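Which chain is which? The protein sequence lines are R and H, in order.
Under the numbering used here, the first residue of the first sequence carries the number 1, and numbering increases by one thereafter.
Under the numbering used here, the first residue of the second sequence carries the number 1, and numbering increases by one thereafter.
Hints listed in this document are in silico derivations from the structure and should not be mistaken for laboratory results.
Predicted, not measured: the structure shown is a model, and the values here were computed from it.
Treat the hints loosely; a few may be bogus.
Identical chains blur together in the list; that is why a pair holds if it fits in one copy or across any two.
[Said to hold, decoys possible] Capping the alpha-carbon separation at 30 Å, the derived lysine-lysine pairs in DSBU-like fashion look like this:
no. : residue 1 : residue 2
1   : Lys68     : Lys16
2   : Lys16     : Lys71
3   : Lys68     : Lys121
4   : Lys71     : Lys121
5   : Lys18     : Lys121
Number of protein chains: 2
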Amino acid sequence: MSFSFEPIGIIHSCFKEKFGIPRQAGLVPAARASLELLPPYNRPEAVKGLEDISHLWVLFVFHQCLRKEWKPTVRPPRLGGNRRVGVFASRSPFRPNPLGMSAVELLSIEHTENSLRLHLKGVDMMDGTPVLDIKPYLPYADSLPSAQGSFAPLAPERAQTVRFSEPAEAFLNSLDEGEADYLRRLIVQVLEQDPRPAYLVNDAQRTSFGMHLCDINLRWTLDQGYTRVTSIQPIQS
Amino acid sequence: MSFSFEPIGIIHSCFKEKFGIPRQAGLVPAARASLELLPPYNRPEAVKGLEDISHLWVLFVFHQCLRKEWKPTVRPPRLGGNRRVGVFASRSPFRPNPLGMSAVELLSIEHTENSLRLHLKGVDMMDGTPVLDIKPYLPYADSLPSAQGSFAPLAPERAQTVRFSEPAEAFLNSLDEGEADYLRRLIVQVLEQDPRPAYLVNDAQRTSFGMHLCDINLRWTLDQGYTRVTSIQPIQS
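If we strip away everything but chain R, and leave its shape as in the complex, we get:
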């Protein structure tokens, strides 16, 4: 018995690689993405009523985590990467059926003759993520503030303060004000989460890191007391 699903849409997001993606929706409120509905689902009738809705569930495939073998346990980053828990007691993307679900804010719906896009906020999805379904968030059924017992009951604490080097500041200052503000907030929120996987956190020798974010290469170092953005380089497309 198996079930086959075709994507109804695709995510266009600032997160171009796995490294640096927030570990849950909402942790990086600045993170925006658009969900492009694919034909034949890009019809305005199919989203009629969504314009009144503040938050959506996005059900998607962890398309970078498809593999044939499954493992019954995982080592979550929130447990320092040392302790194992059952895959079904975790939100790890490496699971028997690599399905993800994210509650995100719906900012707007953009409809042109040939396309229908939902603009989303607070995303934790990689660029190119295939989306299988979207549903309105229903607080009376979905919001359980007193659910207990997870090993990660609270949002992770923010890591060290983020500072920008002079060259990084100069790059931001060269952008339009709106773009610079957005990119600065995004960088701060992504780095405050400390995107390092556990094996890098446990490697005291390694203090310099880089990631591809939107259309920039971002590099930073970890110093005593703060995270320092050393360089921001545009990627030639």
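Dock chain H against chain R, hints included.
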């Protein structure tokens, strides 16, 4: 591009037919079910850590709603069955990819030599439902009490008071006390939700209804001011 998933488990539930299933998880708190993990997923390691967790997400297939054609709009029962909204603005089971998600309470984990079952509460899933994934509920990411704008922002109001006929009372009194208490609560909570689909609600002539619940046939009538359970008949298996 399509993605294929095999069930990791199967639901054993009191809801033997579509009619009467609560429209969201949590609406009928009494409704219990067990989730039987299928081989090779029925290994204790795979659920290690779940024993501390109060609530789970169950991702499943609406297996009674598989059909080849999709419709861009649906007529939700909460809008009286007259108004159409986009399928993606609804939680209708009839959707391009018939995926369901339910936040349910985890009561216990039962592990024997050959099987692993999770006992669940507050379910809205039909008997035989194929389960694709389970995940711990994370309040910090999943609980958005102030999400707004759905056409069904609040749980439905409870319908009329439920009363039992003398024969129905006699049947309940013939059961073990625990079983009778459970069945009584389940019947009351299911009928308080008014399980009639919109086309039956709009049919004033029809006042008598029946459904298959657990191992009984339940019949009831709608009278001025209350719902009356007329008969409870055990189903010979």
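Cross-check of the supplied hints:
In this homomeric assembly, lysine 68 and lysine 16 come within 30 Å of each other (Cα to Cα) only inside a single copy, at 23 Å, whereas the closest approach across copies is 34 Å. For the homomeric pair lysine 16 and lysine 71, the shortest alpha-carbon distance inside one copy (26 Å) is at most 30 Å, but the shortest distance between copies (33 Å) is not. For a Cα distance limit of 30 Å, the shortest separation of lysine 68 from lysine 121 qualifies neither inside one copy, at 32 Å, nor across copies, at 33 Å. Taking identical chains as interchangeable, the C-alpha atoms of lysine 71 and lysine 121 lie at most 30 Å apart only when they sit on different chains, with a minimum of 28 Å there against 32 Å within one chain.
Only within a single protomer do lysine 18 and lysine 121 lie at most 30 Å apart by alpha-carbon distance; the minimum there is 18 Å, versus 36 Å between protomers.
The earlier numbered hint that this structure contradicts is number 3, and it is the only one.
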